[in-house]
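Undergrad: Sequence:
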Amino acid sequence: MVFSLKPRPTQTLDDAGVVQKAIDNALRDAFSRPDAERDWPPRARPTVDDETALKDDAAFARFIADATKDYDPIAYDVCGIVEVRAARRPDGLVRLGCYIRNTAAETPRGERNRGQRDAFRHIGDARLSVSILAGEVEPIEILPVPRDYQYDRRVWGVGHNTSVVVNRRGGIAETRALARFEQTRIATQDKPEACFSELAIDPIGVLTRIEGAMREYLHFWRDQVIGQNRLHLTSAELVECRNDLGGFEAEVQRLLHGVAALQADPHLLEAFKATNRVFGRLARAYKSWRLFQIAFIVTQLPALAIREGIRGGKTQAGASVDWSDCLDVADVLWFRTGGGKTEAYLGLTCCAMLYDRLRGKTGGVTAWLRLPLRMLSVQQLQRAMGVIWEAEAERKQLL
Numbered sequence: 023m024v025f026s027l028k029p030r031p032t033q034t035l036d037d038a039g040v041v042q043k044a045i046d047n048a049l050r051d052a053f054s055r056p057d058a059e060r061d062w063p064p065r066a067r068p069t070v071d072d073e074t075a076l077k078d079d080a081a082f083a084r085f086i087a088d089a090t091k092d093y094d095p096i097a098y099d100v101c102g103i104v105e106v107r108a109a110r111r112p113d114g115l116v117r118l119g120c121y122i123r124n125t126a127a128e129t130p131r132g133e134r135n136r137g138q139r140d141a142f143r144h145i146g147d148a149r150l151s152v153s154i155l156a157g158e159v160e161p162i163e164i165l166p167v168p169r170d171y172q173y174d175r176r177v178w179g180v181g182h183n184t185s186v187v188v189n190r191r192g193g194i195a196e197t198r199a200l201a202r203f204e205q206t207r208i209a210t211q212d213k214p215e216a217c218f219s220e221l222a223i224d225p226i227g228v229l230t231r232i233e234g235a236m237r238e239y240l241h242f243w244r245d246q247v248i249g250q251n252r253l254h255l256t257s258a259e260l261v262e263c264r265n266d267l268g269g270f271e272a273e274v275q276r277l278l279h280g281v282a283a284l285q286a287d288p289h290l291l292e293a294f295k296a297t298n299r300v301f302g303r304l305a306r307a308y309k310s311w312r313l314f315q316i317a318f319i320v321t322q323l324p325a326l327a328i329r330e331g332i333r334g335g336k337t338q339a340g341a342s343v344d345w346s347d348c349l350d351v352a353d354v355l356w357f358r359t360g361g362g363k364t365e366a367y368l369g370l371t372c373c374a375m376l377y378d379r380l381r382g383k384t385g386g387v388t389a390w391l392r393l394p395l396r397m398l399s400v401q402q403l404q405r406a407m408g409v410i411w412e413a414e415a416e417r418k419q420l421l
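Under my numbering, think of the first position of the sequence shown as 23, with each following residue one higher.
Certain hints may be false.
[Unchecked claim] Distance condition first, Cα-Cα at most 25 Å in a straight line; then the derived DMTMM-like pairs of lysine to aspartate or glutamate: (1) K363 with E220; (2) K295 with D224; (3) K213 with E238; (4) K295 with D212; (5) K43 with E59; (6) K28 with E196; (7) K336 with D353; (8) K43 with E128; (9) K91 with D51; (10) K418 with E365; (11) K43 with D147; (12) K309 with E215; (13) K336 with D224; (14) K383 with E330; (15) K77 with D92.
FYI, nobody ran anything at the bench for these hints, they're computed from the structure.
As the structure is a computational prediction, the values presented were derived from the model and not from experiment.
Using the sequences and the hints given, assemble the complete structure.
TA: Below, the structure is given as structure tokens:
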């Protein structure tokens, strides 16, 4: 079917009976079958008394045809049309809607088999495929939220009681009974590497390289993303972007605090090196931390050093830093499923355990682990036990 839309503010077109003709043909074929439901009188519904009727498909078909020949099938008047609606928007674009409408009237109350009749008046397993023959497909404007500036907010089609897949190049939109979303694989930065072996020998050097990479990204963010507005953000979105930049600047500063804590406390430095030896043995398929993992661990190190009264230190550049208020903040580590959160918090826990022993602690609690799901608890406990086992082996070498 081809619909030609005129340049009017609003208009509605239908299929002029094409869909109804197809429905009528399908119903006619269905009601002519011997196994179509009949309007049986009381106690007239047949039963299979002769087992030969169940011998094979052909025998059963003959039994059904003979049993139903004197009764009329229950016919249901299913009615439907395809309707196209067009509305011109203030910006000159035209919003198109294409619908399959069930126009069957509801069975009047009190009529026999009303519920059954209406139950079979649904149009199921329907599907629409629409091609735009003239014009270009534009995304649907959704309510802009400045905080979402990092995401692609374009929506190319909206389904009603269905989902829709749009091929923008071909101008084709097709409905799908089940919603589908193609999620691209999330990849994080992996340079510079944070290798276990290097961190176990020269952690300050590795962390200094990571800090340098973070500062390079900081400059790119400030100069290109915000200064030149390379993402073409609105003024409200730029405000949110600047707020996120401020948060990242704070993360860089916290990383510096962690490095300074390692330099200020020899026991903490040794525990950190030992932690990397532990995970170097445990992570057989990997040779390095993911950057968010090592950054998280290092930013928490001042909270360990302060247990020994170390409230500040100096950076590599000689600047004094203070983390006396680090225990006033509780951090939440969030990353997508499968991203490595477990290794991050177990790495910090391992460092804390070894640090406790190196500073003379012989008993008590270092960390609490509380998990919300039973199966998750079992799996996480197994991984934690592996870390504790290797940490104990490392402790024997240290003490």
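Undergrad: Taking each numbered hint in turn, which are not upheld by the structure, reported in ascending numerical order?
TA: none
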